[in-house]
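A.B. asks: Sequence:
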Amino acid sequence: MKKNFVLGFLIILIAVASCSFTNKSFETNDKDKLLLDLITYVLERGHYEPKDINDKFSANVYEDFIDILDPTKRYFIASDIREFEQYKYQIDDQIKNTEISFFNLVYQRLMKRMDEAKDIYTEVLEKPFDFNIDEEIVVDYKEEPYAANKKQLKERWRKQLKYNALGVYDGKIKIKNTSSSKGGVEGGDLASVDVATAEEKADEELKNMTLAEVEAVSRETTKNTLDDFFEFVSGLERKDWFEQYVNTIVDEFDPHTYYFGPEEKDKFDISMSGKFEGIGARLQKKPEGAKIVEIISGGPVWRAKSLEVGDEILKVGQDGEESIDIVGMRLDDAIKLIKGPKGTIVDLTVRKVDGTVDIVSITRDVVELEESYAKSATVIKDERKFGLINLPKFYVDFDDYSERNAATDVAKEVERLKQAGAEGLILDLRDNGGGSLKTVVEMAGLFIKDGPIVQVKSSGQRKEIHEDKDERVQWDGPLVIMVNELSASASEILAAAMQDYKRAVVIGSKQTFGKGTVQNVIPLDNIVRSNEHGDLGAIKLTTQKFYRINGGSTQLEGVKSNIVVPDRYSYIDLGERDQENPLAWDKITPADYQVWDGNIDYETTVANSKARMANNVQIELIEENAKWVRDQQNETIVSLNYEKYKTTQEANKKRSNYFKKLRDYDSKLTFESLKYEEELFTKDPILREKRNRWHTDLAKDVYIEEAINVLQDLKLNSLKNHNTKLASVKG
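Residues -17 to -1, 1 to 714 in mature numbering (1 follows the signal peptide of the UniProt record, and there is no 0) are what the sequence shown spells out, letter by letter.
Treat each hint with caution, since some may be false.
Stated by the list, open to error - DSS-like, lysine-lysine: derived pairs with alpha carbons at most 25 angstroms apart: (1) K39 - K335; (2) K627 - K157; (3) K698 - K288; (4) K627 - K155; (5) K610 - K637; (6) K627 - K288; (7) K683 - K643; (8) K440 - K34; (9) K493 - K644; (10) K206 - K288; (11) K401 - K651; (12) K325 - K673; (13) K137 - K395; (14) K14 - K79; (15) K101 - K206; (16) K698 - K485; (17) K95 - K39; (18) K651 - K698; (19) K335 - K159; (20) K421 - K288; (21) K627 - K610; (22) K395 - K421.
Unchecked claim - Cβ pair distances, simulated, as ranges: (23) K79 - N132: 54 to 62 angstroms; (24) K268 - R671: 20 to 28 angstroms; (25) D341 - D614: 15 to 23 angstroms; (26) I620 - L88: 30 to 38 angstroms; (27) E672 - E447: 42 to 50 angstroms; (28) K79 - E515: 21 to 29 angstroms.
Please keep in mind that the hints were generated in silico from the structure rather than gathered at the bench.
By construction, the Cβ of each residue, glycine as well, lies at the ideal position given by its N, Cα and C atoms.
Using the sequences provided together with the hints, build the complete structure.
C.D. replies: Here's what the structure looks like:
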């Protein structure tokens, strides 16, 4: 379906372009203007919900572009902003007339201000910082005004540099104190001395330094970081900044529409094939760095378990070298620093979700695709056996659907669990970001007789209903679907369908991610007859919207769990609602469907679950942790007095360590691999190790424990209702 749509969409665009776009009076040889014209042309004609390019649109582009270029407000001053503001309501006209004078002005001024910034930070860092005086910095830069003049700008730089140096100073003081307490290297072990690493030697030097010398080293480290950053930025070309401007325009349509320059298009193709080397995480641009929004199953981060969704990367270093501050850096450029060849090490300075700052070293590797496939286990409780299937994504080989896909694999696991004697089934879709629509429809068909699964609507078109037409039901027993805030797109379609049919109980976060849109990649070279500028890149365009069979969209609102279980993200914004310019929620007419007749008492099951969780100590601790995480994220004022800073950091670390006991939970459940995997273990000890680790994690998972309790209730309630019906018939 997706391929046919892309082909049809291209045919329409090319047909329109041949009689419309290429006949325009467009004589310029300027590639920037051609690119701007092409992209707006495609957006206006191909986007699911094209926006009016008017004064309001212009103001949004203006504000967002300035914010992207200078998120910490350390380059532009108030007079620059006043000069830029003359274009605030003219950008729409410039877009329509393919003019780029606004971009040219801002770009040239940014280059000038960045050159001046080098002199500012060099001068500021020549003088010692006094970490004993009381002063603070506001790290919520959105609320800060632009500096009125260069004197104020220098003061802003001073505070930001002091803040950066303070973090370095604190780290070095901790190393110094630790080194002193160890008392150095004991005699007698000459080999240890001979192979002492550069890091150990540096620690030894720190031990003998005075506090003034440590402060000087901290300033030097801060300067080296900035030198590296500005050297990196100096390597960017004008076209790199113009692509950012284009994407600011594109982003106003919705957060999933994106322009790929030629180089980025090549990288996108590679990532879609699943063959890439890096750390295995998807990032989102934030004012103070890059926020982790997805951890790829099987990747280095996933294996290391040292990072989690919501953590923000502040600095990036290459295997022991000085780290580069990525504050203010474009996301693409930060990713270039983070990615690298297999086997190399990247050092990430990270602000954790709970507010603590740590340095995490990750060994880059090729993402292990096998960990993205469905896997299953039996769960034993009180001598009763249940089945669990974990599905990280809805994968498919678009070139050969029969090669391997999520629906076929899940069907195999369901059959194996049935043969193993499972009384109930859990389908774990937590952290599943979606994938193939076809696999969702087929997978849903495993659990119902037949009927509609999802409705899809293109702009200005009648809705399409995707149905399961196979009357076979592979699993008719109790079913629980687990979700969280990171379950998105295809995951939401399946969970919503099973919820609407009343076929399964959905358990998890208050609501899922809320991505109810479809994107297609359109190469821009296909839109023009002739092009003298070379590869023009491509645009990933939102073209369709998903709707539940009850008519409601999964967009923005996601799927609301039948049983809500708190997690550490319960009080912070994640998902589509945390994106810029998301499409709105709406609804269409429902499809014709019949709810599942499975003798299930949902009300009693949900009530029982709520009663259990109200008395669960682990759930209470998770709720407490979630509120603390929220409070930490709302804290935007940092003391630059070292004693106060240290006290706060120590308190945060202590509180963070308090919540680590969440990892010690034991559900007393037993997890076992299926027979076919046990046979594979003799030839593949690595697979055995992976499954053992998975089972260990599952045993600590209170959500899995509650899902098993829900399955028991569903089974019990179903039997009671069945017996009641039999008694009624006999009566």
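A.B. asks: Could you tell me which of the numbered hints above are not met by this structure, giving the numbers in increasing order?
C.D. replies: Hints 1, 3, 6, 10, 13, 17, 20, 23, 24 contradicted; others consistent.
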